[in-house]
Amino acid sequence: MTNQEIIDWKIASLADNNSSELSAEMQSHLEKNSQLQEELLFIEQFWTNDVKPLVMPSDRVDANFYQMLSRAQSTQQHSSQQETALPLNNYHSSSKEQTISLMEKIKSWFMPTPLAQFATLTLVFVLGFNLNQAPNNEKNNAAYSGLQEDISSLTTVLAMSMLKKDSASERLSGVAYSRQTDLSNPLLVEQLIELLARDKSTSVRLAIINSLAELKSFGSFEQQLLTMTTKEENLLVQIELCRLLLNYGSVEIKTLLTAQENMHYLQPEVREFIKAQSMISYI
Amino acid sequence: MNKLSVTLPLTLIAMLAGSIQLANAAEKTYSLPLSKPGEPVSIEVEVYRGSVTLVGYKGDTIEISATTSVFSGKDDDLKKVKAPKNSNNNPARSNKGLKSVKSQSTRLEIEEKNNDVEISSEFSNQHVDLVIKVPQRSSIEVELHKGGDISIDGISGSLELEAYGGMITAKNISGPIVAETGQTDIVVSFSNFDKTSPSSLTSHMGNVDITLAKKVAANVNVQTYQGEIFSGLDKDFVVIDEIKKNKKGKKQKIVLGGIMQAKVNGGGQALSLTSYSGNLYIRKAK
Chain A
1 MTNQEIIDWK
11 IASLADNNSS
21 ELSAEMQSHL
31 EKNSQLQEEL
41 LFIEQFWTND
51 VKPLVMPSDR
61 VDANFYQMLS
71 RAQSTQQHSS
81 QQETALPLNN
91 YHSSSKEQTI
101 SLMEKIKSWF
111 MPTPLAQFAT
121 LTLVFVLGFN
131 LNQAPNNEKN
141 NAAYSGLQED
151 ISSLTTVLAM
161 SMLKKDSASE
171 RLSGVAYSRQ
181 TDLSNPLLVE
191 QLIELLARDK
201 STSVRLAIIN
211 SLAELKSFGS
221 FEQQLLTMTT
231 KEENLLVQIE
241 LCRLLLNYGS
251 VEIKTLLTAQ
261 ENMHYLQPEV
271 REFIKAQSMI
281 SYI
Chain B
284 MNKLSVTLPL
294 TLIAMLAGSI
304 QLANAAEKTY
314 SLPLSKPGEP
324 VSIEVEVYRG
334 SVTLVGYKGD
344 TIEISATTSV
354 FSGKDDDLKK
364 VKAPKNSNNN
374 PARSNKGLKS
384 VKSQSTRLEI
394 EEKNNDVEIS
404 SEFSNQHVDL
414 VIKVPQRSSI
424 EVELHKGGDI
434 SIDGISGSLE
444 LEAYGGMITA
454 KNISGPIVAE
464 TGQTDIVVSF
474 SNFDKTSPSS
484 LTSHMGNVDI
494 TLAKKVAANV
504 NVQTYQGEIF
514 SGLDKDFVVI
524 DEIKKNKKGK
534 KQKIVLGGIM
544 QAKVNGGGQA
554 LSLTSYSGNL
564 YIRKAK
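Sequence order for the protein chains is A and B.
1 is the number of the first residue of the first sequence in my numbering; add one for each residue after it.
284 is the number of the first residue of the second sequence in my numbering; add one for each residue after it.
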């Protein structure tokens, strides 16, 4: 049982608006992890908090969010310092194999030339660092990955929350946030496609199409996108849907889109656009 | 002075006053106090036919001026209303001996609750011109189905504007703004640019013309399929390429996107301008 599984369960239960029970295993894992409990509470508060424009989030929500971000940033900085230190270690471990006795070293410390002092300081730093390096490295990488996952989950929650707002500019923000995730959450993708089908704002729909281009594969949504394309009445949206499928769709879906019976449903300007697109050459 | 010489001028004055009253019957003003002065305001305006002008000011009430006039143009929807078909296909009723009464009534509904204001004018044969003064911080949503233009001046809150027949013009705004027209232009002048949310101006067939104040920082994205793009910015527009190199066997495929972008003053929130056949104009304020 991992923290991420429990966070995914929480997001799914909030999105479906049900309060399904935690399994015994999840409950046991959660009870042992107070930090995870705080994260779940934060996600729930953020989801259910009816944020109005010009109203700042509560101090607690703010503090939780920025605490997590600062932990991610400090861990990232710490990791990059480690990566910077490693080449120095490699260099000095070879050059300093020439024997410098401890006494001479201490003597040179008391008769410092700038170069000697620098070398001494570096050696002390690297030696002390290396003694603690190996066991902590894996731990830090795991913590960093964990925080990255947390931030991705939070961004997903934020995106899904904003996509439900009444205001078109807030929904646009939600689409922008969705682009910051890797769209790995199927609930988020499902919500984007649902909004693409029914949103009244052309701007939001065009932004969603741009966002869907980030998907590695459309999977089961591909046929749905094709159906949406052939039934679409908005010229701008129909063109962009065609572009999306032609550029990123499977070979089968492209064949279906350009088939005679489906081209018939497309507006004349869109048919011309497809003809122009077909001139993109293969290298 | 006899009675006739006194009565006649008074009668004329009364008739004049009466006629002025009749002429002014088409214009009405309302002052709407807010439930929570000083707090965020949300205003939603929906007009079937007419024009909507919203002006931001430093006060804390909503000042509404509504002017109506009879619509004399052609309207397919109106024709359907005038000649409804019933299931029995009965002939139109006779109006012999009757005189036509011009309807001058305007139904304008105004609701306010906890600083959420809704103003709506329903489907009718009246043309309703609304001029509304609102607190500068207000968030605005306007939908105008037929007739004239939507005009915005001096509002710093978020704007969501849809005009199906007329133009959209907005000046001295900071956004975020999401605006859409069908065949007409969108003209927007930004005195500042919101850093928290993206903005988007979309016209299917009309032009999109924006002016950016010198201090505005934004990522300006432009896309037009059959129109031209004219820029007065210092920064050039570059193509945002979605380059995906899919290596299948010995083939490579490079996909080029249709959006161009310029980062103004280092970049910031996204400002997207889209038109199918209209031109895009990006100007820098002097």
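Since the hints were made in silico from the structure, they are not lab data.
Treat the hints loosely; a few may be bogus.
Claimed, not checked - The list that follows gives simulated cross-link-like pairs (lysine to any residue, SDA-like), each with its CA atoms no further than 25 Å apart: (1) A:Lys200 - B:Thr452; (2) A:Lys165 - B:Asn397; (3) A:Lys200 - B:Ser352; (4) A:Lys164 - B:Lys518; (5) A:Lys165 - B:Asp399; (6) B:Lys396 - B:Arg376; (7) B:Lys567 - B:Asn504; (8) A:Lys165 - B:Lys518; (9) A:Lys200 - B:Thr336; (10) A:Lys200 - B:Lys567.
Claimed, not checked - From the derived model, a few chain A residues whose C-beta atoms are all more than 10 Å from chain B: (11) Glu5; (12) Gln27; (13) Lys32; (14) Gln37; (15) Phe42; (16) Ser167; (17) Ala168; (18) Ser169; (19) Ser173; (20) Val189; (21) Ser201; (22) Glu222; (23) Ile239; (24) Arg243.
Here the structure is a predicted model, which is why all the values come from computation and not from measurement.
A virtual CB, placed ideally from N, CA and C, is assigned to each residue, including glycine.
These are the hints, each one checked on the structure:
1. A:Lys200 - B:Thr452: OK: lysine 200 (chain A) and threonine 452 (chain B) at ~21 Å, within 25 Å.
2. A:Lys165 - B:Asn397: Measuring from Cα to Cα gives roughly 18 Å; hence the hint holds.
3. A:Lys200 - B:Ser352: Answer violated: lysine 200 (chain A) to serine 352 (chain B) is near 30 Å, above 25 Å.
4. A:Lys164 - B:Lys518: Roughly 36 Å between the alpha carbons, so the hint for lysine 164 (chain A) and lysine 518 (chain B) is violated.
5. A:Lys165 - B:Asp399: holds (16 Å)
6. B:Lys396 - B:Arg376: violated (45 Å)
7. B:Lys567 - B:Asn504: holds (15 Å)
8. A:Lys165 - B:Lys518: violated (34 Å)
9. A:Lys200 - B:Thr336: Holds, at roughly 23 Å.
10. A:Lys200 - B:Lys567: At roughly 31 Å apart (the allowed maximum being 25 Å), lysine 567 (chain B) and lysine 200 (chain A) break the hint.
11. Glu5: Answer for glutamate 5 (chain A): holds, closest chain B Cβ roughly 31 Å.
12. Gln27: Check passes; 38 Å lies beyond 10 Å.
13. Lys32: holds (38 Å)
14. Gln37: Correct as stated: the minimum Cβ-Cβ distance to chain B is 30 Å, above 10 Å.
15. Phe42: holds (20 Å)
16. Ser167: Non-interface label on serine 167 (chain A) violated, nearest chain B Cβ at 6 Å vs cutoff 10 Å.
17. Ala168: violated (4 Å)
18. Ser169: It is violated; serine 169 (chain A) is separated from chain B by about 4 Å at its closest Cβ, not greater than 10 Å.
19. Ser173: Given a closest Cβ separation of 5 Å, the condition is violated.
20. Val189: holds (18 Å)
21. Ser201: Not fine: 6 Å to the nearest Cβ puts serine 201 (chain A) too close to chain B.
22. Glu222: Given that every Cβ of chain B is farther than 10 Å from that of glutamate 222 (chain A), nearest at about 16 Å, it holds.
23. Ile239: With a cut-off of 10 Å, isoleucine 239 (chain A) comes too close to chain B, as the shortest Cβ separation is near 7 Å.
24. Arg243: Its Cβ does come within 10 Å of chain B, the nearest being 7 Å, so this is violated.
In this structure, the hints that do not hold are numbers 3, 4, 6, 8, 10, 16, 17, 18, 19, 21, 23 and 24, in rising order.
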